[in-house]
Amino acid sequence: MGKNLKLKSARAALDMSQKDIADAVGVTRQTINAIENGDYNPTIKLCTAICKVLGKTLNDIFWEDEADEKKPVG
Amino acid sequence: MKKNQLDEMQVQKRNSIGNQAFLLLMYLLMIDAGLYGFGFRWIEYPANIMIMVTVCAGIYLIRLINNHAYVGPSAENKRPVLRFILMVAIACSVAAGISMMLKNASFTNTAQINEMSAPIMFITAAIAIIIALATLLIKRSQ
Numbered sequence: 051m052g053k054n055l056k057l058k059s060a061r062a063a064l065d066m067s068q069k070d071i072a073d074a075v076g077v078t079r080q081t082i083n084a085i086e087n088g089d090y091n092p093t094i095k096l097c098t099a100i101c102k103v104l105g106k107t108l109n110d111i112f113w114e115d116e117a118d119e120k121k122p123v124g
Numbered sequence: 018m019k020k021n022q023l024d025e026m027q028v029q030k031r032n033s034i035g036n037q038a039f040l041l042l043m044y045l046l047m048i049d050a051g052l053y054g055f056g057f058r059w060i061e062y063p064a065n066i067m068i069m070v071t072v073c074a075g076i077y078l079i080r081l082i083n084n085h086a087y088v089g090p091s092a093e094n095k096r097p098v099l100r101f102i103l104m105v106a107i108a109c110s111v112a113a114g115i116s117m118m119l120k121n122a123s124f125t126n127t128a129q130i131n132e133m134s135a136p137i138m139f140i141t142a143a144i145a146i147i148i149a150l151a152t153l154l155i156k157r158s159q
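From first to last, the protein sequence lines stand for chains A and B. Taking this note's numbering, I'd label the letters of the first sequence as residues 51 to 124. Taking this note's numbering, I'd label the letters of the second sequence as residues 18 to 159.
These are computed hints drawn from the structure, not numbers from a lab. Here the structure is a predicted model, which is why all the values come from computation and not from measurement. Hints are supplied without guarantee of correctness; some may be wrong.
Partial selection, computed: residues in chain B whose CB lies under 10 Å from chain A [claimed, not checked]: (1) Asn84; (2) His85; (3) Val88; (4) Gly89; (5) Pro90; (6) Ser91.
Per label pair, the in silico range of CB-to-CB distance [stated by the list, open to error]: (7) Phe39(B) x Ile94(A): 28 to 34 Å; (8) Lys58(A) x Val28(B): 23 to 29 Å; (9) Gly105(A) x Thr141(B): 48 to 54 Å; (10) Ile66(B) x Trp113(A): 48 to 54 Å; (11) Ala63(A) x Tyr44(B): 49 to 55 Å; (12) Asp89(A) x Ile155(B): 32 to 38 Å; (13) Phe39(B) x Gly105(A): 42 to 48 Å; (14) Arg157(B) x Ala74(A): 25 to 31 Å; (15) Val72(B) x Asp89(A): 24 to 30 Å; (16) Trp113(A) x Ile79(B): 34 to 40 Å; (17) Ser33(B) x Ala63(A): 30 to 36 Å; (18) Leu46(B) x Lys58(A): 43 to 49 Å; (19) Lys102(A) x Arg100(B): 31 to 37 Å.
Don't be surprised by glycine CBs; every beta carbon is placed ideally from N, CA and C.
Put together the whole structure using the sequences plus the hints.
Structure, rendered in C-alpha cells:
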C-alpha cells in the first residue's frame, strides 16, 4: 500500500496538522500518520469521518489511481 | 467516535500483540513441561509459572506502550498529575512490600514457595482492586 499523498495535500491545503485531524475524528495522531504513510488501511467509518473534516469526498482522498487505469475503454 | 476508548488502529495492534503474548506464554509453558518430562527442573513449581506469566505480561505491557496502544486518544491529551503521583506512590509501596515478602524467600525450597504463593496472589489481587477503585474515584472527581 503506497503513501496517501492526497490526504496529506488536502490536509496541507486547509493548514491542518495531523493532530488537528486526529482530534476532529477522535483517533490518535499516530493513526493519521499511519494512514498517510500507507501503513494502515482505515475502515470506511474513519474514511468518511476524515473526508467530512477535510470537506472532500471518498473519491478525492481514498480512490487509488491504479484502479482508474484498469477501467475498460468504451 | 468515542474518544474515551482506543481507536480502531490501536485495537488492531492490541489484539495482535495480545495474540503474540498468549502464544509466547503457551510455548514457554510447553517448553517447561517438556523439560520437566526430561527430568530437568529449572525452578520449583509455583515460581516457574509465576515467572513465565510475569515475563509475558511485562512483554505485553511494554509492547502496548511502545506501539501507542495502551491509552486512547482522549487520555493522550490529558495530564493527570494527581493520578500519576498516586500511581507512583502505590507502585513504590507495592514494590517495597513484595521485596520485604521475598526477602527471606528461596526459590529452591518448594514448601516455602508454596507458602509464599498464596499471600502474593492475594496481595496482587487486592492491590489491583485498590488501584481500580482509586482510578475510578479520581476519574469521577475530575
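Right, here's what the structure says about each hint:
| no. | hint | in the structure |
| --- | --- | --- |
| 1 | Asn84 | holds, 9 Å |
| 2 | His85 | holds, 5 Å |
| 3 | Val88 | holds, 9 Å |
| 4 | Gly89 | holds, 8 Å |
| 5 | Pro90 | holds, 5 Å |
| 6 | Ser91 | holds, 8 Å |
| 7 | Phe39(B) x Ile94(A): 28 to 34 Å | holds, 30 Å |
| 8 | Lys58(A) x Val28(B): 23 to 29 Å | holds, 24 Å |
| 9 | Gly105(A) x Thr141(B): 48 to 54 Å | holds, 52 Å |
| 10 | Ile66(B) x Trp113(A): 48 to 54 Å | holds, 53 Å |
| 11 | Ala63(A) x Tyr44(B): 49 to 55 Å | holds, 50 Å |
| 12 | Asp89(A) x Ile155(B): 32 to 38 Å | holds, 35 Å |
| 13 | Phe39(B) x Gly105(A): 42 to 48 Å | holds, 43 Å |
| 14 | Arg157(B) x Ala74(A): 25 to 31 Å | holds, 27 Å |
| 15 | Val72(B) x Asp89(A): 24 to 30 Å | holds, 29 Å |
| 16 | Trp113(A) x Ile79(B): 34 to 40 Å | holds, 39 Å |
| 17 | Ser33(B) x Ala63(A): 30 to 36 Å | holds, 34 Å |
| 18 | Leu46(B) x Lys58(A): 43 to 49 Å | holds, 46 Å |
| 19 | Lys102(A) x Arg100(B): 31 to 37 Å | holds, 34 Å |
In summary, this structure violates none of the numbered hints.
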